[in-house]
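Enquirer: Spelled out from the first residue to the last, the chains are:
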Amino acid sequence: MFSETIELRGHIIDSLILPKVLDEILSRGANFKMLEVKIGERRADQSFARIEVSAPTSDALSDLILRLRQHGAEVEEKGDAQLAAAPADGIFPADFFVTTNQQTFIRIGGEEYEVRPAMMDSGIAFDRAKKQARTVRFADLRKGTEIVVGHQGVRIVPVQRVTERTDVFQFLNSMLSAERPKGAVIREIAREFEAARKTEQKVLVVAGASIIHTGAAEYLEQLINWGYIKLLFGGNAMAVYDIESTLFGTALGVNLEHAALTDSGHENHMRAINVVRSAGSIAGLVKRGTLTRGIMHACVIRGVEFLLTGSIRDDGPLPEVITDSVEAQRIMREKIDGVTLALLLGTMLHSFAVANLLPASVKTLVVDINPSAVAKLTDQQTFQALGLVTDIEPFLRELVHCLHELRAK
Amino acid sequence: MRELLLCPPDHYGIEYEINPWMSRARGAEAVVAKSQWQGLHKTLVSLGAKIDLIPPQPKLPDMVFTANAGLTVGRKFIPSNFRHQERAGEAPYFARWMESRGYDVLWLPENLYFEGEGDALFGGDALFCGYKFRSDIQSHRAVADMLRCLVISIELVDPRFYHLDTCFCPLPDGSAVWFPAAFDEYGQRAIRGHISDLIDVEEEEAKTFCCNAVVLGQDIVIPEGAPNLVRTLESRDYRCHQLPMSEFLKAGGACKCLMMFLPQREEVSG
Numbered sequence: 019m020f021s022e023t024i025e026l027r028g029h030i031i032d033s034l035i036l037p038k039v040l041d042e043i044l045s046r047g048a049n050f051k052m053l054e055v056k057i058g059e060r061r062a063d064q065s066f067a068r069i070e071v072s073a074p075t076s077d078a079l080s081d082l083i084l085r086l087r088q089h090g091a092e093v094e095e096k097g098d099a100q101l102a103a104a105p106a107d108g109i110f111p112a113d114f115f116v117t118t119n120q121q122t123f124i125r126i127g128g129e130e131y132e133v134r135p136a137m138m139d140s141g142i143a144f145d146r147a148k149k150q151a152r153t154v155r156f157a158d159l160r161k162g163t164e165i166v167v168g169h170q171g172v173r174i175v176p177v178q179r180v181t182e183r184t185d186v187f188q189f190l191n192s193m194l195s196a197e198r199p200k201g202a203v204i205r206e207i208a209r210e211f212e213a214a215r216k217t218e219q220k221v222l223v224v225a226g227a228s229i230i231h232t233g234a235a236e237y238l239e240q241l242i243n244w245g246y247i248k249l250l251f252g253g254n255a256m257a258v259y260d261i262e263s264t265l266f267g268t269a270l271g272v273n274l275e276h277a278a279l280t281d282s283g284h285e286n287h288m289r290a291i292n293v294v295r296s297a298g299s300i301a302g303l304v305k306r307g308t309l310t311r312g313i314m315h316a317c318v319i320r321g322v323e324f325l326l327t328g329s330i331r332d333d334g335p336l337p338e339v340i341t342d343s344v345e346a347q348r349i350m351r352e353k354i355d356g357v358t359l360a361l362l363l364g365t366m367l368h369s370f371a372v373a374n375l376l377p378a379s380v381k382t383l384v385v386d387i388n389p390s391a392v393a394k395l396t397d398q399q400t401f402q403a404l405g406l407v408t409d410i411e412p413f414l415r416e417l418v419h420c421l422h423e424l425r426a427k
Numbered sequence: 157m158r159e160l161l162l163c164p165p166d167h168y169g170i171e172y173e174i175n176p177w178m179s180r181a182r183g184a185e186a187v188v189a190k191s192q193w194q195g196l197h198k199t200l201v202s203l204g205a206k207i208d209l210i211p212p213q214p215k216l217p218d219m220v221f222t223a224n225a226g227l228t229v230g231r232k233f234i235p236s237n238f239r240h241q242e243r244a245g246e247a248p249y250f251a252r253w254m255e256s257r258g259y260d261v262l263w264l265p266e267n268l269y270f271e272g273e274g275d276a277l278f279g280g281d282a283l284f285c286g287y288k289f290r291s292d293i294q295s296h297r298a299v300a301d302m303l304r305c306l307v308i309s310i311e312l313v314d315p316r317f318y319h320l321d322t323c324f325c326p327l328p329d330g331s332a333v334w335f336p337a338a339f340d341e342y343g344q345r346a347i348r349g350h351i352s353d354l355i356d357v358e359e360e361e362a363k364t365f366c367c368n369a370v371v372l373g374q375d376i377v378i379p380e381g382a383p384n385l386v387r388t389l390e391s392r393d394y395r396c397h398q399l400p401m402s403e404f405l406k407a408g409g410a411c412k413c414l415m416m417f418l419p420q421r422e423e424v425s426g
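Just so you know, the sequences run in chain order A and B.
Taking my numbering, the leading residue of the first sequence gets 19, the next gets one more, and so forth.
Taking my numbering, the leading residue of the second sequence gets 157, the next gets one more, and so forth.
Calculated directly from the structure, the hints in this document are not laboratory data.
We treat Cβ as the ideally placed atom computed from N, Cα and C, and that holds for glycine.
Check each hint, because a few of them may be wrong.
Unchecked claim - List time: in silico BS3-like cross-link candidates among lysine-lysine, alpha-carbon distance up to 30 Å:
| hint | chain 1 | residue 1 | chain 2 | residue 2 |
| --- | --- | --- | --- | --- |
| 1 | B | Lys288 | A | Lys56 |
| 2 | B | Lys288 | A | Lys51 |
| 3 | A | Lys427 | A | Lys200 |
| 4 | B | Lys215 | B | Lys232 |
| 5 | A | Lys96 | B | Lys288 |
Unchecked claim - Pairwise CB distance ranges (calculated):
| hint | chain 1 | residue 1 | chain 2 | residue 2 | range |
| --- | --- | --- | --- | --- | --- |
| 6 | A | Asp41 | B | Leu209 | 43 to 49 Å |
| 7 | A | Pro74 | B | Val188 | 53 to 59 Å |
| 8 | A | Glu94 | B | Glu266 | 18 to 24 Å |
| 9 | B | Asp166 | A | Asp98 | 32 to 38 Å |
| 10 | B | Met302 | A | Thr75 | 38 to 44 Å |
| 11 | A | Gly128 | B | Glu266 | 51 to 57 Å |
| 12 | B | Arg345 | A | Thr75 | 28 to 34 Å |
| 13 | A | Leu44 | B | Thr388 | 36 to 42 Å |
| 14 | B | Glu341 | A | Glu94 | 26 to 32 Å |
| 15 | A | Leu40 | B | Val187 | 50 to 56 Å |
The task is simple: from the sequences and hints, build the whole structure.
Expert: Spelled out as structure tokens, the structure:
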């Protein structure tokens, strides 16, 4: 949305100029927010109103403002954003503007430009030739790039909190502790998933290795097979245990059926890694017919994009794993574009990394057994985040069950 | 006794086109115009008005429409800032004349267009002001500040009725004559909110500029051609004096446009 602040003065109440201006704004598909109204106390006293007017396009806003000027509206002068060149690769100018995850606009030469993508903890680069404002992180910053400094000319549009219940995310905006019943909420989440699938929305899952350990892999596999998931982020361990469990029935040596250590079970994950490495890739293993089920198998078969990233404690890693964390972050940023719903499952650090990249407008569901992980993540995605403190397996089992019922209808 | 400012039509003519009524191809008959103006002058004198005359100036043909000289309240005179360059030359003559008569001349900021009594008429305690074609709404605010009174700003939407005094005429009993379609919906509502007794004029009669009438107590000097309105006014005990105004209608003016009250109000209550 593009916006200007206008001021109206005079006998705007008796002359019905104020209602006329507000009606004109709404009837042209624009919107307004009353910032300040002072009504004259005596008959001859003039009144004053300061109104923020926003319209979907810059042209629509200029046309509207032109009309409103005729009725006496004066446009509040706004300063341009200040720009300074990056002094070196990877170094922002001093006092650079640090972004939030909210929709942000900058004003240059009197025009507003939306900063894309909305991403927190970045700087804002402005390309004069292309007339584009984009978020830029340290690793992508080149010497000489013009960067917004200070706060002038920067406008942040918070995701509106709704007063009416429209969906489970906006209704709750909070966290459900372990003691609270979750059935009703999971049913609502299932409806969100179904709606997202029908409208072909991009749903992201960030999956921790605990999905495999808790025996929840088959449910995530089911969600992928049913077409609910479009993008999967995970670590090396998640993929390794998923493949280990398919090939050997264990996760880190623990038999998933009997929940007991198996003989020489500690070797299994190493053998699994070796098999994948010898096949060249997970897809190669699927092609050989060795990998026949599981989460990674489902991704390959269904063409679901996945991104595996490494950590210090990794064994292997698998051939697909990106071990350069700056590079991994860059790829994640690219892939996140267009995501509308994000499911962060049982992986605190990986979830933080992703939440840092998500715009505030993305509906985010955090499920973790650790209350502090859930609290931190829902706090970050304040507007449309829902946190459930629970073991992942019962959550996914219930979600799949609800979806099964929905699909049967 | 009401004091009025008039300007003899010595230099009157259609020399440019700044409203839909004007056409240089359809010039005013100078002799007829003079006789119609003299008819107005004579009528106003006969009704007991004191008439002041400002000397007409060559190349300022519309100076005859003194309603647009400015707005006079008590001893304060707010000169017009004409929107059209063709009329801007009139302003200094009117201002100097008013100053020479001892009026306190209060200029509006140069960038605010305001065309005087043509767009500013008192009805009750409120000053009704028209905007868009000639005056800017921003000027209303400045006028309200200068006079410390309630100003009702009304958008004019029909270019044929480009000044407020062409479609709105307040009467001394608190009622008013108006042509509603000359205003937008909000303007109509604002007028109705302040004047409960409104006499509607139909379009055929509005086109004769019957709203452009001079009201002196119970006497109303009105252009001829609006028999229905005259009947209505007479049924309310007003005395109507109908005058031919054909030559001034060619410039988009009639009785009221040809005079300005000195002052329109002695004082206003805030």
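Enquirer: Are Lys288(B) and Lys56(A) close enough, with their CA atoms no more than 30 Å apart?
Expert: OK: Lys288(B) and Lys56(A) at ~25 Å, within 30 Å.
Enquirer: Assuming the hint says 32 to 38 Å, is it satisfied by the Cβ distance from Asp166(B) to Asp98(A) or not?
Expert: violated (56 Å)
Enquirer: Could you check the hint for me, namely that Met302(B) and Thr75(A) are 38 to 44 Å apart, CB to CB?
Expert: Roughly 40 Å apart at Cβ, these two residues keep to the hinted range, so it holds.
Enquirer: Cβ-Cβ distance between Gly128(A) and Glu266(B): within 51 to 57 Å?
Expert: violated (25 Å)
Enquirer: Is it true that Glu94(A) and Glu266(B) lie within 18 to 24 Å of each other by Cβ?
Expert: holds (23 Å)
Enquirer: Holds or violated: Lys288(B) and Lys51(A), Cα atoms, limit 30 Å.
Expert: holds (26 Å)
Enquirer: Does the hinted range 36 to 42 Å hold for Leu44(A) and Thr388(B) at CB?
Expert: holds (39 Å)
Enquirer: Taking the Cβ atom of Pro74(A) and the Cβ atom of Val188(B), is their distance within the range 53 to 59 Å?
Expert: holds (58 Å)
Enquirer: Regarding the pair Lys427(A) and Lys200(A), is the alpha-carbon distance no greater than 30 Å?
Expert: holds (22 Å)
Enquirer: Take a look at whether the Cβ-Cβ distance between Glu341(B) and Glu94(A) falls inside 26 to 32 Å.
Expert: holds (28 Å)
Enquirer: Given the hint of 43 to 49 Å, check if Asp41(A) and Leu209(B) actually sit that far apart at their C-beta atoms.
Expert: holds (47 Å)
Enquirer: How does the Cβ-Cβ distance of Leu40(A) and Val187(B) compare with 50 to 56 Å: does it lie in that range?
Expert: holds (54 Å)
Hints 9, 11 from the earlier list are contradicted by this structure; the remaining hints agree with it.
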